[in-house]
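2 protein chains.
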Amino acid sequence: MPVKIVPSTPSAYQYPLLIKQLLHTPLATAPEQEISYQGRLRYTYREFNARLGQFANTLAALGVAPGQTVAMMDWDSHRYLECFFAVPMMGAILQTVNVRLSAEQILYTLNHAEAEVVLVNSEFLPLLASIAPRLTRVRSFVLIADGAPPAESPIEFAGEYEALLAAAGSRYDFPDFDENAQATVFYTTGTTGDPKGVYFSHRQLVLHTMSLAASLGTAPGQGRFHREDVYMPITPMFHVHAWGFPYLATMLGVRQVYPGKYMPETLLRLIREEKVTYSHCVPTIMQMLLTHPTSQGMEFTGWKVLIGGSALTPALALTAMKRGIDLCTGYGMSETCPVLTLANLNSGDMRQSAEDQALLRAKTGRPMMLVDLRVVDPDMAPLPPDGKSTGEVVVRTPWLTQGYLKATDASEGLWDGGYLHTQDIGYIDARGFLKITDRIKDVIKTAGEWTSSLALEDVVGKHEAVAEVAVIGLPDEKWGERPLALVVLKPEFVGQLSEHALRNHAARLIEETGTSRHGVLLQVQFVEALARTSVGKINKRAMREARLKS
Amino acid sequence: MPVKIVPSTPSAYQYPLLIKQLLHTPLATAPEQEISYQGRLRYTYREFNARLGQFANTLAALGVAPGQTVAMMDWDSHRYLECFFAVPMMGAILQTVNVRLSAEQILYTLNHAEAEVVLVNSEFLPLLASIAPRLTRVRSFVLIADGAPPAESPIEFAGEYEALLAAAGSRYDFPDFDENAQATVFYTTGTTGDPKGVYFSHRQLVLHTMSLAASLGTAPGQGRFHREDVYMPITPMFHVHAWGFPYLATMLGVRQVYPGKYMPETLLRLIREEKVTYSHCVPTIMQMLLTHPTSQGMEFTGWKVLIGGSALTPALALTAMKRGIDLCTGYGMSETCPVLTLANLNSGDMRQSAEDQALLRAKTGRPMMLVDLRVVDPDMAPLPPDGKSTGEVVVRTPWLTQGYLKATDASEGLWDGGYLHTQDIGYIDARGFLKITDRIKDVIKTAGEWTSSLALEDVVGKHEAVAEVAVIGLPDEKWGERPLALVVLKPEFVGQLSEHALRNHAARLIEETGTSRHGVLLQVQFVEALARTSVGKINKRAMREARLKS
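As they're listed, the protein sequences go chains A and B. Heads up, the first sequence is in this note's numbering, so the first residue is 250 and it goes up one at a time. Heads up, the second sequence is in this note's numbering, so the first residue is 250 and it goes up one at a time.
Everything labelled a hint here was simulated from the structure, so no lab data went into it. Warning: the hint list may mix true and false statements.
No copy is singled out in the list; a pair is fine if it fits within one copy or between any two copies.
The calculated lysine-lysine pairs, modelled on DSS-like cross-linking and capped at a C-alpha distance of 25 Å, are [claimed, not checked]: (1) K269 <-> K798; (2) K253 <-> K269; (3) K253 <-> K655; (4) K690 <-> K524; (5) K789 <-> K727; (6) K637 <-> K711; (7) K690 <-> K798; (8) K694 <-> K789; (9) K690 <-> K269.
From just these sequences and the hints, can you work out the full model?
What follows is the structure, encoded as structure tokens:
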């Protein structure tokens, strides 16, 4: 395209979108605002900024150079926030280590990301000691022990975090560089294979932050985030940048509270004592907080919570609302920085009954600013937003991982056709709300149509003889895939019913619901038990693989 | 800097920040939302989007190619909004023509910007006809006459806007291209010389829009802009993108009202009938609306107005507040896209008396997201935000013109030292509020210190003999500049007071205020009258030039 590029006079500043640029506004408008760690430690944004300089000088003294990776192993803390800023602001890369992975997986991710410096909370010393001899690139370890001297450990530390910072100068000229420089890396784990690394640039994190602010800020009212909120994360900072909110909260100059390890008593105390008004968490955590003995009778009014990670049930939404919590849903994943959609209600929605609101708050939400989100058929053609046309959710935004680290094939698969494939199946309604219905790996793709395996299981399971059923798709030359229902019969029906009879029964039901082709193609096979994973989940992958080998 | 650039897998989409990307969210979430012209014509965002395709096909049929300039001469309308999007989305450049300039100036700007197509409201036909023969690059004219056939005119038109659109297809694949492609150009006029062209890229306009949304959206309450607002501009779309709000309003999917030419009755009718909740205007317009007979007794409650362009007086702020208008100030200029700062009040401010609030609302505001705004001394060293240290306001943001079009020296002057020079003088207080006190051309720079000529005029003017006074700075080898007060005496004092006596009197007063050096250096000269411009403004430039020649 022979467009005209704007000419820049030689002295003009060509402003790169760097993480350091998020700090201009809070330092100018809220330098005395407070950041707190567990309510025990408090400092101002001005001090935070000085500590970024001290930390960068500390890392520079350890030989950290632009392009190198610094790994962080800590619970949510002011130190983690300092890592979110200072490490990428130096031009280095922050690896946020998922401390809940196994030691072997952590070893793998540290070596794969080529971490050269590791910061570690003393709590994780035994774990780190068990893998330290096999770390291939790490040159230095920094202990995080709130100023205490290093504990007994085979690891030799460059020093303790607070002690090192105290000894360093606070003046550090964070340089300008290419906004496409890598800022972060972390790993996502699937059901099989090694963890996969996703990575994000300065530009991507700045734009994700700006879109979160623009989208959550301009919400009509419900669930909006504004400059007088008090923020506390309850999704870990090692997990997809704590959904990007530490960057957002800092840019807005709001009061921030970091809770350390997620202990229900601590979280509940901080919500109450620090008057927290905005958090985010997965449904399980919300459930845990609401049912914890300490929370009984506790007043949650004024606490807004963004729910994500897995589906929020309307029942949980309603329970939380009755306790005074103002919650709604967001949607995203590790590959997407993460936020893609938000379900803030408008003023019309807010006039509905609590029950109807709960249904809306549990929806997956509508695209944030700049998000091009589509539901597409297998040929990547967009499906209409009619509340029923179901396909894969694919997306383009300015903040998506541009691949998996050092994994060429997986990267191309992720971006097949120029859109990032979420591997989620769903539909969009007329108001633009996305509803996720299934994971793509559990969908049967027949002759260009996709049907949820869950829907077919519902039908087969209606027969009185069926104890358990799992429907999987098996390759078929003519149709692409054919659905196979693996059925465990109730004991009293074993030998009383043929596979053929159950198939015909189910096929008729399926035809009545309009998805006739799947009725014709359905196959039924009786099994003694369904394959399960070590934690008891139905393992469709194993079922498929067993049948492909045979 | 050897940073690590994020690797992109070949299929990954590298999302450019293009104006078309602002449309994803409104089209997904608010396709049935309404855009109205004067309340007479209404259509949905879905139709707006289809018309962008029709308009682009129309322009393409006229031979408009990427990199070419299309000039628009219209009052604020839906058509202007269509130009804001369709022209740059094609890769072409939109010239927003200031229809209030003289015919000669308009001729100059059209030729200087190399406009190839001109869209013109029939109201401006006589003006255009007077300069058409001297337009050097224009190939086609499009008439804007609300569907009516071309009026009698020596200009040959390619067609009428609505008729051309009606004949064009709505499908147009707006391409991807470099986000640094030029999107707009317009001209700013000073007291002397030819108009100067400023220009903005897609990236700049997208980031300005995102920062406006992030900053106005996350405001605690006062003056915030949200997705249920109803927007109507009252600063012209030809003037610095109507401060960027048409882009913002469209991205948020809000209801929009375009008022055509600014007639007080029309504006007041639309505010009332269309239930407008958000506008922006200069103080003069606000004054005019409040004092217009039609507005007497009219209810303005719920109308938020951003004031800019020139200083809002606390008195006008108070008057507007008493009428129910919720207003505050913004600051920017043609060179800055324009918005740099916003003065939204927080909830503590809102508890203050109306009089105290009026003082705050009249302040220039605090930096928007991503804005690096400084007050600097003549050596570009930043001054502390102490509410008194006064210097030039310089700025870096991602949305500043990278120069003046085809004006090398002026461009370098604008960006001297890597910051954009606003030519405004002011200070910053501890809360980060900027207060503009003067224009730099009227400031006296003595021995590295800057003093407002207005402050010195205040002192000299206190003498009972002084009818009028203007203080200018004249070059001085030792001091840089020395202040010279040109004084018109009251008739009864002529011959009764010497220049020397007045000088000594003023110098004593200046010393008492602490700026002693200016007291020592002050010179006084009696004159019969002060030089004025054709519109009656004090002309310090003429005074300085007269004394430099002599």
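So, going through the hints one by one against the coordinates:
1. K269 <-> K798: Close neither inside one copy (54 Å) nor across copies (49 Å); limit 25 Å.
2. K253 <-> K269: between (30 Å within a copy, 17 Å between copies)
3. K253 <-> K655: between (36 Å within a copy, 14 Å between copies)
4. K690 <-> K524: Classified as neither; 43 Å inside a copy, 50 Å across copies.
5. K789 <-> K727: Cα proximity of K789 and K727: one copy only (22 Å, versus 87 Å across).
6. K637 <-> K711: within (22 Å within a copy, 78 Å between copies)
7. K690 <-> K798: Classified as within: same-chain Cα gap 18 Å, cross-chain 84 Å, threshold 25 Å.
8. K694 <-> K789: This pair counts as within: shortest intra-copy Cα distance 15 Å, inter-copy 78 Å.
9. K690 <-> K269: neither (40 Å within a copy, 33 Å between copies)
This entry does not satisfy hints 1, 4 and 9, going by the numbered hints stated previously.
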